[in-house]
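Visitor: Each chain, letter by letter, is given below.
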Amino acid sequence: MFKKILFATSATEASDHAARVAFNMAQAYDASICIFHVLGVPTRGFSQIVMDVKTKEKVEIDDEYIAWVKEEIKVYYSKQLEKAKSYNINYDIKVAVGFPHREILREARNYSPDLIVLGGSTGDDEDSVYKKSMVGSTLQRVAKAAPCPLLVVNRPAASFWGGISQIVFGTDFSKASDAAFKFSVNLAKDLDCELHIFHALDISNMHMGRLLTQDEIESQIRESLRRIRGRYIGELKEIKDYSFDVWEGLPYVEIVKYAREKHADLIVMAHHTQKTSNEDARLGSNIEQVIVRAGCPVISINK
Amino acid sequence: MPEGKLCNRKPIETEEELKTLLSDTGGKKYYEEMKSLDVDSGLLWKTIGNTLKSRTKTWLEICAHCGMCADSCFLYLANDCDPKQVPAYKIQSTLGEIVKRKGQVDNEFMHMVMETAWAKCTCCNRCGMYCPHGIDMGVMFSYLRGLCYQQGFVPWELKIGAGMHRVYRAQMDVTDEDFVETFKWMVEENEEDYPGLEVPIDKEGADILYTVNAREVKHYPEDLAEAAILFHLAGENWTVTSTGWEQTSLAMFAGDWAACKMQVESVYEAMERLKPKRMIGTECGHAHRATVVEGPYWAGRSNGKPPVESIHYVEWLAEALREGKLKIDPAKRIKKKVTLQDSCNYVRNHGLKDITREIMSYIVDPGYFIELSPNREHNYCCGGGGGFNGIGLFRPQRNKGLITKRDQIIESGAELVIAPCHNCWDAIRDLEEEYKIGIKWSFLKPIIISMVEIPEHLKPEE
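Chains as they are written, first to last, in the numbering used here: chain B, 1 to 303; chain S, 304 to 765.
Be aware that one or more of the hints could be misleading.
Unchecked claim - Here are some of the chain S residues that sit facing chain B, going by a computed Cβ distance under 7 angstroms:
# : residue
1 : Thr328
2 : Gly329
3 : Glu492
4 : His522
To be verified - Not close to chain B: a few residues of chain S, all C-beta gaps over 10 angstroms, as computed:
# : residue
5 : Glu320
6 : Ile658
7 : Pro677
Unchecked claim - Once the Cα atoms are required to be at most 20 angstroms apart in a straight line, the calculated SDA-like pairs of lysine to any residue come out as:
#  : chain 1 : residue 1 : chain 2 : residue 2
8  : B       : Lys58     : S       : Lys331
9  : B       : Lys4      : B       : Lys175
10 : B       : Lys175    : S       : Pro763
11 : B       : Lys182    : B       : Ile228
12 : S       : Lys739    : B       : Thr43
Quick caveat, the hints were computed from the structure, so don't treat them as lab data.
Idealized CB from N, CA, C, for every residue including glycine.
Between the sequences and the hints, there should be enough to build the whole structure, so can you do that?
Guide: This is the structure in structure tokens:
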């Protein structure tokens, strides 16, 4: 299932938890891992100067500098790499210059991984080089266009991981969710784990501020359960254990709560918002909120 | 002393030479060698004899030293009215002196000329509008850069830039394959949101041939995607060419006349091969100047025009909005204080001042658009034109030069600056980074995409 993992890292603390998951997965599934780091963002028109993402200094990139950054990464991940070596895991360290989301996507196109692993936010620091001249986060942009599933680990809690045995699939019944469902089923089959299908009935704003009566809520829950049965259950013949639920509330909160209750090791959701560039969408879609809050890794699927 | 290994009078001809020069980080060795580079006075004087025509001769002679040009120069203003920044002084003390001395100038003098030609003039041509005699120092500086280039006194990045055009026919190391592949990639990335989106490559007889800036391919291909999406939504019959797609010309900034010709001819060849009705270039100022305004003369075209009608992106966009090919959702128009940066290269030098304002009238809610003062053909250079943005050696001078634009923007109170020009966009980004005045900046394409109505038949299912 996961033979090639592209681990895109800032090589800072923000990516430490993702690193743990990425290396663990490589080990567990005998995958090759490509450690990919965007070291600098171009500045100054056609000049050769780039802004180093870590030091925030303006540097001129040459082979020597690139070799030095690669060495730094090797040192940063020395423990993991040593372990990887002892398990005969193939790994490669690559660095690039450019806007992070674009270079991650370029490398994904080039390396064709089965999974991209991304760390959490590097912070809202105004000075952050990652934010230069681009609105919206690296995560949003990669999630929107990734050619393969994208696994994000944001909280440290999400990285203490002993394999995958419980998968939560969150659906909003969209077309993109169908793709996420397919992936969840394959994963559950492949890894022989339990699959929990979940839908959250959004009662926060869908009725223009009108409060729903409890009868209305319950009738909609029944309707959603019918949809789950009709749409998904027929496909679960080869899955040993599964369950499905619909809860009402604020969708991302409910998904996180549900995952906690199910001791989920992984949440799978679709990413299908059209607009990523709108700043007002800073708080983002449900999946972005889930990523920020979840106690386990989250996989985003967009097609 | 003879020429250096890196710094010499020979242009870059091969990829290998280009890589060697690039590997000299920051041009350290290059500039070191420049210190002992001889001036070939014979060649210089001979070239002047062949190329310095009556207009320039007259301009040099009739300058009355009246100083009317002083206030017109943003660098003069940004540098506390330093008399050495008066345009007339700048050109008389450089080109004027070389002519007076019949080319008998030394290395130290040429160092001064290089700094003046690239760090004290962006060839914005504003001074020419204020000279009572109509003397255009910007035009003369472009000419002077050619003489500097020939003698090997050219900033490191521009020697590389001109070399890129010679080797790749693009301002960066982007090959034809990279270009086509990147454009396809961008279409793939967006075809779900925009069903039927495509990039027709080498299609003959299309209505539009679209040309770009290599930086878009290299660093922000979103720009290519946005162009494709807007042509798609407007229902245009368009194409790109697999070779001759680069509209810009760092060779022009460098004064590498031969490379200017090579570059622009590659674009004209594409026009002749594909026979489009029109060529449309991206949101870039100098690219338009190079390919549409000056290029025909470099290529020796007697009518002074490219092989097919060639227009700037803003002209196409205004037309598409005017004719309703693209419809803006009125609810999504800009509702914050916004201003517009006039690019010297297609506003002052090619008269497109009203077109960009027409676009503003469609995309900004009434009452939110603010003009900079001065504006239109009187607008100041962004501060980074003519190659200034990219030259590491002259970074401090460039940063100082941004002050005029910074103060103009602060005075306007705008929160967003629309800059339909790569150079202006860069300079404004840099001035925000340098001086932190709390503004945003943008090209037109992403703004239009955020507010354009998608016709019913082009909407994705679901």
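Visitor: Keeping to a limit of 20 angstroms between CA atoms, is the pair of lysine 58 of chain B and lysine 331 of chain S held or broken?
Guide: holds, 16 angstroms
Visitor: Identify whether the interface hint at glutamate 492 of chain S stands, where standing means a beta carbon of chain B within less than 7 angstroms of its own.
Guide: holds, 5 angstroms
Visitor: Mind checking the CB of threonine 328 of chain S against every CB in chain B and telling me if the closest is under 7 angstroms?
Guide: Threonine 328 of chain S check passes; min Cβ-Cβ to chain B is 5 angstroms, inside 7 angstroms.
Visitor: Run the distance test for lysine 175 of chain B versus proline 763 of chain S: straight-line Cα separation, threshold 20 angstroms.
Guide: Within the cut-off at roughly 11 angstroms; holds.
Visitor: Per the stated criterion, does the least C-beta distance between isoleucine 658 of chain S and chain B lie above 10 angstroms, as a non-interface residue requires?
Guide: holds, 24 angstroms
Visitor: Taking C-beta pairs only, is proline 677 of chain S more than 10 angstroms away from all of chain B?
Guide: The claim stands: proline 677 of chain S keeps its Cβ more than 10 angstroms from every Cβ of chain B (closest is about 25 angstroms).
Visitor: Do the alpha carbons of lysine 182 of chain B and isoleucine 228 of chain B lie within 20 angstroms of each other, as the hint requires?
Guide: holds, 14 angstroms
Visitor: Taken at face value, is the distance from the CA of lysine 175 of chain B to the CA of lysine 4 of chain B at most 20 angstroms?
Guide: violated, 26 angstroms
Visitor: Hinted pair, alpha-carbon criterion (20 angstroms max): lysine 739 of chain S, threonine 43 of chain B. Please report holds or violated.
Guide: OK: lysine 739 of chain S and threonine 43 of chain B at ~16 angstroms, within 20 angstroms.
Visitor: Check the non-interface label on glutamate 320 of chain S: least C-beta distance to chain B beyond 10 angstroms or not.
Guide: At about 16 angstroms from chain B, glutamate 320 of chain S clears the 10 angstroms cut-off, so the statement holds.
Visitor: For the hint on histidine 522 of chain S, just tell me whether its beta-carbon gets within less than 7 angstroms of chain B.
Guide: holds, 5 angstroms
Visitor: Is the hint on glycine 329 of chain S kept, meaning its closest Cβ partner in chain B is under 7 angstroms away?
Guide: This hint holds: glycine 329 of chain S lies near chain B, its Cβ roughly 5 angstroms from the closest one there, short of 7 angstroms.
Of the numbered hints listed earlier, the single one contradicted by the structure is hint 9.
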